[in-house]
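With the hints as constraints, model all of the structure from the sequences given.
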Amino acid sequence: MVKAILPAVRALIVLTLLVGVIYPLLVTVGGQVFFAREANGSLIEVDGIIVGSELVGQQSDDPRYFWWRPSAVDYMQGSNLEALGSSGATNYGVTNETLDTLVTERQTAFVDANDLPDSVDVPAEMLFASGSGLDPHISPAAARLQIDRVAEARDLDREQVADLVERYVEKPQLGFLGEPRVNVLRLNIALDALE
Amino acid sequence: MGTLEFVQIGVYLVLLILCVPLLGGYMAKVFVGDKTLLTPIIRPLENGLYRLIGTNPNDEQNWQQYTFALLAFNILGFIILFLLQLFQGVLPLNPAKLPSVEPLLAFNTATSFMTNTNWQAYGGETTVSYLTQMMGLNVQNFVSAATGIAVVIAMTRGLARRSGETIGNFWVDLVRSTLYILLPLSLILAVLLVSQGVVQNFDDYVPATTLSGESQLLPQGPAASQIAIKQLGTNGGGFFNTNSTHPYENPTPLSNFLEMFAILLIPAALTYTYGKMVGSVRQGWVIFAAMLILFIVGLSIMLVSEYQHNSVYDVTGVMEGKETRHGITNSMLWGAATTAASNGSVNAMHSSFAPLTGGIALLNIMLGEIIFGGVGAGLYGMLIFVILTVFLAGLMVGRTPEYLGKKIEAREVKLAITAILLPSASILLFSALASVTDAGLDSRTNMGPHGLTEILYGFSSGAGNNGSAFAGLDASTPFYTILIGIAIWIGRFGIILPALAIAGSMVKKRVAPPSPGTFPTDTPLFIILLISVILIVGALTFFPALSLGPIVEHLLMDAGQTF
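Protein sequences appear in the order of chains S and R. Position 193 (the first sequence) corresponds to 193 in this note's numbering; numbering is contiguous. Numbers in this note's numbering are just positions in the second sequence, counted from 1, shifted up by 1000.
Keep in mind that the hints were calculated from the coordinates and are not lab data. The beta carbon of each residue, even a glycine, is placed where N, CA and C say it ideally should be. Don't take each hint at face value.
To be verified - Here are a few chain S residues that face chain R, going by a calculated C-beta distance under 7 angstroms:
#, residue
1, V27
2, A124
3, Q160
Claimed, not checked - Just a sample of chain S residues kept apart from chain R, beta carbon distances all over 12 angstroms, derived:
#, residue
4, L18
5, V111
6, R144
7, R149
8, A151
9, R167
10, L194
See below:
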C-alpha cells in the first residue's frame, strides 16, 4: 500500500515544482521582458498619478466626460486594501422584473441626460450591465450620442469632440475579430488634454 | 448577424478541423512513444521525472493497478489543495492579505479543481492568494487535464490491443500528457495572452485614482500562466471572479479568439489520436463528425434565440452580462464551446442569456459533456455512448454486438449504463431536493422558471464537471457547497471507474475478423445512430425538467411576462 502511494507523493511534488513554480516563472519572465506594459496591467499615468488601467472601466456621471456602461459592482470604485473590490455581474435572467425596471429607468435617464428625442434607439450596452462589471468600452454609436452633451459641458466646438470620438473608434481586430468599440478612459483623457 | 460574424465562426471551425490531424497525430506519437519534434528536448526531462517518481516506464499496469495509481494521485492532490487554502493566510505570496479560506468552501474548491470541474464558489481576486492560485489551482489545472487524457489513452489501449492484460502505465501517461502536450501549448498561449494585456506579475494590487477622483484598487497576479492552461485543459476556473469576461483575463478580441480556440483544441484532436491508436483514422473521424454536428446544431439554436427580438425590453440583442468588445456572436460561440467541452470558463454571463440559449448551454452539459467534452473526459464519455450504440444496433439486427472486432457483452453494457446513469441521477435527484427545501430555494436570484434553471444548471455543471454557472444561484451556502461537491465527485469518478473497468475487460478479448454480420462503425449511418442514441437518452432523461425551466420561460418571455 505504502509502496503504491509513494509514487503519487513524488509525482505530485515534482509536477508541482514544474507546472506550479517553474512554468509561471517562465511566463512571468517572458511577459516582463517582451510585454512589460501589458503584463503589469496596462496602467495609465497622467501627471505622474495612476488614473486607472486602459482595460478597466470607471464610473462617471460628470457631464464633461463620456459615460461608461452600467455596472453591477460600480467598477470597483471606492475599493482599497481594506475593502477589496471585485468584478461581478447581476446574473439577472431576461424575465427578471428588477432588470425590466432598471432598463426602463436607464433608457429615460440616458435620453434625458443627452437631450435626445424619445424615438432614439439607445444602444443596448448602455441599458444593460456588463459581465465583468468593468467593461472599458462602449459602442461607437453610444459615444456619438453623448457628443452634444460633452461639447456643451466643456464649451467646446461640437466638431472638435466629434472628430476626437472618431479617432478613438477601434475597428474589429485584424479586420474581422470582435466588435467596433471606443475605449472610454482613453477618450476621456484625450478630451482633458484638449483643454 | 452580419457577414463578419459568419466569417469569425467559419474561421474558428475551419482552423479547428485543420488542427485535428496535426495535433491528434502528434499526440498519438507521444503516447505510442515514437519520436516527435519535441522529443530531443523533452526526453531527458521525461526520463528524469520517471526516476524522481520512482517508476519504470516499461512496467505496465493492469486496470486495477492503473486505477489505484490514478486515485492515489488525485486524492493526494485534493488534500494538498485543501490544506493550501486552509493555511494561505499565514503562507507567503499573499499581497492582498487575504485570510485563509473557510473549510467548506476549501473542500468545494479542492474537489472542483482536482476533478477538472473548476466550479467557482469563490471570487479569485478576493478569496485566494497568489500562492494558492499558482501552486494549488494551477497545478490541478494541469494534472486533472493530464489525468483525463491518461484515462482515454488507457481506454483506447483496452480497445486496440490484440492480447495481454495491461492498459499502460499511469505515471507515463500523466508525465507525457503534461510534458509533451499541456506544457508547451500553455507556454505559447500564455505569452500570446500577455501580449494582449492579460496580467502576469507578482505585484501588489495597484491603487488608482479615477478621473472622478475616487479610489480603484486594481488586482494583479500571475494570471496569464493560469488562464492559458485553464482554457487548454478544459478546466475553466477563472483567475478573477468573473472569469474571461474580466478585461484582465480576456482583454481583446484576439485574446478571446485564442482562449476560445484553446477550449476545443485538445478534445477535438484526441478523436484523431484515438483513430490512429486503434489503427483506423476513420473511426476517429466518425466520432469527430458526430461531435461537430451536435456542436453546430446547438450553436445555431443559441444564435437564433439570442438574436431574436426581445419583447420584454423591445430590444434585439440583449447585452446584460456581455462585454462590448465580444458582442453577441462571440458570446454565443464561447458559450457553446465552453458548455459542450466541459470547460466552464465564460466570456459572458450564461444566466442572462435568452431562455433557449441558456437552455442549449444546459443541455450541452446534461448530455454528458461528450460534444468534444473535457480533455480526455469527453472522448471516454463518448466511447461509452459508442458502446451503447453498438449494443442497441446489435439488438436491432439480432447479432452479438462487436466494436473494433471485440465482442461487447453484458459486463461492458452494464458498466456503460452505470456511467451514464450516475451523473444524470445526481443532477435530477439533487435538483429535486433543492426545489422542495428552503435551503435550496433561498439561494435563487431569479424567480419563476429561471430560478429552476439556476438550480438545474448548478447541479448539471457539477455532475458534468463543467464549472460554469447560472451565477445568480448563491452556491456558497453549506447546502450547495456540499451537494454540488458530491455531484462533482460522482460525475468524475462515476465515469472514470467504469471507463477503466471497460478498458480492463476489453483488453483481454480476442479480436474476431469482420464477418458479413458485423455492423460497421466507420460509416455515416453510424454517425446518425450515435447522435440519435445521445439525443434520445438525453431527451428521455431531461426533457421534463427542461420544459419546466428554459422552455416555459421562453414562452412566457414572448408574452412579455416577468417575475
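Status of the hints after comparison with the structure:
no., hint, verdict
1, V27, "holds, 4 angstroms"
2, A124, "holds, 4 angstroms"
3, Q160, "violated, 19 angstroms"
4, L18, "violated, 8 angstroms"
5, V111, "holds, 14 angstroms"
6, R144, "holds, 14 angstroms"
7, R149, "holds, 16 angstroms"
8, A151, "holds, 18 angstroms"
9, R167, "holds, 18 angstroms"
10, L194, "holds, 14 angstroms"
Violation of the numbered hints given earlier is confined to hints 3 and 4; the remaining hints are satisfied by the structure.
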